[in-house]
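Peer 1: Sequences listed follow chains A and B, in order. Under this note's numbering, the first sequence is numbered contiguously, ending at residue 469. Under this note's numbering, the second sequence is numbered contiguously, ending at residue 436.
I should point out that these hints are in silico values taken from the structure, not numbers from a laboratory. Glycine included, C-beta positions come from ideal geometry on N, C-alpha and C. Heads up, some of the hints might be wrong.
[What the hints assert, rightly or not] From the derived model, a few chain A residues whose C-beta atoms are all more than 12 Å from chain B:
1. L186
2. Y390
3. R392
[To be verified] Coverage of chain A stretches by chain B, computed from C-beta distances (three or more under 8 Å per stretch; other residues unrestricted):
4. 34-47
5. 131-139
6. 370-381
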Amino acid sequence: MINIFYNEWRGFLRNKLFIFFITFFIISLAVVTFFGIIQNNKQIQSQKDAHSHIRAQWDEMEDSNPHSAAHFGTYAFKANTILNSLDDGINSVTGVVLRLEGHTQNDVAFSEASQSLIISKFGKFKVSLLFQFIIPLFLIFLSFNIYTSEVASKRIKLLIIQGNSLKKIVFAKTFTLLSLGFILLLFTILIQLFFNFSEIELDQIVRLNVFFFSYLIYYFIIILFTVFLSLIFKNSTSALSLTIITWFLWTIFLPKTIGNLTENISPLSTRFELQEKMKKDRSEGIDGHNPFDERRVKLEEEVLAKYKVDSLSQLPINFSGILMQADEEYGNQVWDKHYGDLYEKLEAQKKNYQLSGFINPFASLQSLSMASAGTDLIHHLYFLNEAEKYRRYFIKTLNDEYAFGGSKTGERGWKASNDFFRSIKDFTYKEATFSSISHKYFIDIFCLLFWLFSLIGLIIFTSKRVLIE
Amino acid sequence: MSLSVFLFEFKHFIRSKAKLFSYLFFMLLCVFSIYNGFEIMHKQIDSIIDIQQKQKKEVLQLVEWFDKQEKGPEDKPWVNIENPYWSIRYTPSYIIKEPSSLFPLGIGQSEQFAFYKKVTRWSSTYDTDMVEEISNYERLINGNIDFSFLIIFLLPILLIILTYNINGLEKDLKFHKLISVQNKRINRWIFNRLSFYVFLLLVSINSLILGVGLFNSGFSNISSILRLILISNLYIISFSLIFYYLNNKGKSSSSIAFKMISVWLLFCVIIPGSVHQYVSFKYPVNYMTDFLDVNRKEKYEVFKLEDFDLYNILIDIYPNIEYTKKSQDKQLDSPTVRRSISVIIDQMNIYAVNYIEKQNEEKNKLIRLSYFFNPISYVQNIWNSCTSTDYNAYRDFRIEIQESISERNKLLVLELWKDNKVDKEKYKMYLEVLNN
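Throw the hints in and build the complete structure from the sequences for me.
Peer 2: Shown next, in the form of structure tokens:
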């Protein structure tokens with residue numbers, strides 16, 4: 001087996017076309033990875049600048065009314081992480097700026113895709129584009145005739161006479177091609193490590209491993225699948241045609257079709273419908289029998305009873321702050337209900353899409369690739385949730401200051417000091433660690449392994465039944 | 001052109017199950033994509049109808065108050081709709097971008113932008129509600145099954161499947177010399193065979209474009225329909241010419257297929273992807289801090305200004321204010337000045353937005369510069385412009401929104417300063433201005 005492996009490599013290295021392509025891929029990967037890192041770092045810096053700029057404005061705020069400050073609000077800027085340069089994922093279509101203010105939860109706005117004419121349907125020329133679209137095709141063209149060419153040249157008989165089984169021959173050739181994918185992947189990972197060495201933590205190491213092994217398994221699947229077809233068809237052209245059609249179905253057709261299908265299985269509300277429902281719940285109560293005015297009266301009675309006074313003016317605190325916080329918390333419940341439902345649907349759609357990995361391993365690869373780069377839906381929802389958590393803390397701190405910071409009910413002109421505003425913690429977003437969300441990708445891992453072992457089994461089974469004439 | 005070769009190719013096509021199936025499958029996909037386009041269009045139309053009904057209801061509410069001589073909602077005694085401030089405030093306008101009649105032929109960038117906007121006096125064209133319709137982002141990056149996508153990206157693949165073995169199979173089976181003997185000009189023989197498929201695709205695609213275009217808009221949009229036909233035909237022919245060259249020079253069907261796929265990858269994936277990467281490098285995602293500053297810090301600075309300073313700014317924007325009734329008063333009416341602040345903020349927003357639009361335009365300029373080596377992006381954007389789903393169509397929509405915001409503020413400020421009293425007739429006039 002090792003001899004065949006070694007001979008295959010010698011054969012490759014004698015082939016000028018192969019040398020050309022492998023050089024092309026190595027140079028492309030080096031350039032793409034390097035520029036991807038540079039572009040990503042530029043984006044990270046841009047985000048940091050925007051964040052500091054907004055925070056500085058907050059820190060410089062003069063003495064103001066806390067409620068005005070809640071309207072003044074702040075912004076959460078979606079941050080890029082160092083591994084985003086591997087796979088852009090959904091970053092180009094999601095917004096990057098989220099306004100955090102009192103009374104309302106905003107949508108994340110200003111996506112990259114909305115800032116220019118359309119350029120590429122398949123995304124930026126990042127490492128993932130090369131690894132997902134181009135290298136598999138290269139592997140297909142290298143592997144479609146590894147069996148048939150041996151049959152056509154009758155070399156197969158010679159190999160078998162020398163004591164090799166067909167299974168051994170096929171797997172030796174498959175491992176040769178896989179080693180090619182291995183080298184390209186390793187090369188990319190090493191460049192990543194080299195340029196981001198100072199910032200790499202354990203989580204990034206885990207992610208790089210997930211990235212590396214996902215692609216390696218996928219390449220193994222692609223090669224095995226192509227070899228399997230060539231074993232069945234015994235004809236290079238038919239095997240090649242069918243493999244290319246399959247590649248096309250996997251990478252282009254099925255992701256779109258299944259994406260559409262998953263959206264139809266669990267349809268999402270339109271923005272207008274969602275806003276109307278939320279508005280209704282906020283004014284009439286989540287159960288429809290708890291309008292704002294009644295909630296306000298009840299709260300007033302509770303507060304008066306708690307402080308044992310008869311009127312709001314006798315309260316030692318500012319009732320407006322309490323009322324605003326109560327309304328805020330009610331709004332949070334409404335948001336949790338509707339957006340919770342929306343996020344659940346989005347996750348259900350993702351799960352359904354992940355299940356398509358059983359018929360399309362590319363879906364699993366794509367999911368794991370984005371997950372390892374931290375650019376998939378799960379990471380985006382995590383960012384949104386973290387931003388919302390911060391918004392709640394931010395507004396509650398302001399409302400509490402308004403209520404209990406020294407003002408009394410009706411003192412609209414009361415102002416909190418700059419020291420208080422500066423004491424409010426800044427929004428610091430840290431990406432979820434891969435281990436904490438890894439359970440969301442078990443389906444993808446399982447699908448890839450399912451394909452891998454099924455194809456290994458099929459090849460072992462078929463190679464035993466193939467008759468060498 | 002040799003008719004016999006052409007007809008022979010037809011027979012070959014009918015008998016070749018793989019080619020026939022691929023063609024039929026592609027056509028089925030085209031029909032499905034058009035159906036899908038109609039679905040998205042109708043979903044948008046449904047939302048638009050809901051919005052229009054809501055708007056109608058809100059207007060009717062005000063008309064009813066005027067009829068009953070009520071001042072506003074019972075639970076808000078401070079509201080007085082006879083005051084222009086309240087009657088205008090209680091009448092939101094919705095600016096809507098209706099989907100074009102050619103929308104089913106190309107949804108373009110429509111999933112990246114909002115198609116309606118509730119306009120108030122504080123609105124701007126980059127508000128946080130100017131975001132796309134709710135959808136699954138992972139589905140968005142894979143895209144929809146869109147007719148334009150099928151034509152621009154998948155049709156070349158179909159052409160590869162249909163033509164990769166022209167002159168390749170003969171070489172594989174080593175009877176290409178026989179063909180050369182029978183056909184003095186092998187180039188013409190290849191050309192005739194290839195022409196059959198080009199002709200087949202042109203007829204199929206043109207019929208679909210013409211069918212959908214005429215069905216959905218009659219002859220009212222005929223120029224865009226013809227433009228779409230022209231683009232698609234030129235596009236198909238361009239790919240065919242490259243493939244003709246490859247068929248001619250290829251050494252075997254697998255080598256031709258490999259080269260054809262490489263050409264497709266180069267033009268459809270690698271070049272646009274590289275340009276995209278370069279553009280992102282040159283113009284990173286804009287966090288719009290200038291715009292955010294206007295909407296937050298600078299807005300609050302304006303609120304802190306004295307009435308007199310605000311009045312002077314207002315006069316700079318609308319000099320007519322100086323001649324209004326309230327301007328003649330000895331002392332400035334503070335509530336009127338304060339209620340006019342949105343005009344100043346609107347002007348500030350316009351400056352900030354113009355800057356953003358300028359930056360976006362610079363980015364677009366760079367993209368357009370790449371067209372001479374990046375034809376696919378060019379074709380996509382031209383196609384999207386025909387179906388009114390490109391960036392420019394949505395920029396025009398933003399311009400329309402901005403006009404509406406400014407119009408609303410102008411109406412508000414002039415009516416406030418003229419100290420007009422609103423009745424039903426006047427309100428109708430307001431409606432005309434606000435919903436124009």
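Peer 1: Hint by hint, note whether the structure agrees.
Peer 2: Now the hints, each set against the structure:
1. Its beta-carbon lying about 23 Å from the closest one in chain B, L186(A) satisfies the requirement of being farther than 12 Å from that chain.
2. Chain B leaves Y390(A) outside its interface by the beta-carbon criterion, the shortest separation being 16 Å against a cut-off of 12 Å.
3. Look at R392(A): its CB is around 18 Å from the nearest CB on chain B, clear of 12 Å, so calling it non-interface holds up.
4. With 8 residues carrying a beta carbon less than 8 Å from a beta carbon of chain B, the stretch 34-47 of chain A meets the three-residue requirement, and the given coverage holds.
5. Closer than 8 Å: that is the beta-carbon criterion, and the stretch 131-139 of chain A has 3 residues meeting it against chain B, so the requirement of 3 holds.
6. Using a Cβ-Cβ cut-off of 8 Å, 4 residues of the stretch 370-381 of chain A lie near chain B, which meets the minimum of three, so the contact claim holds.
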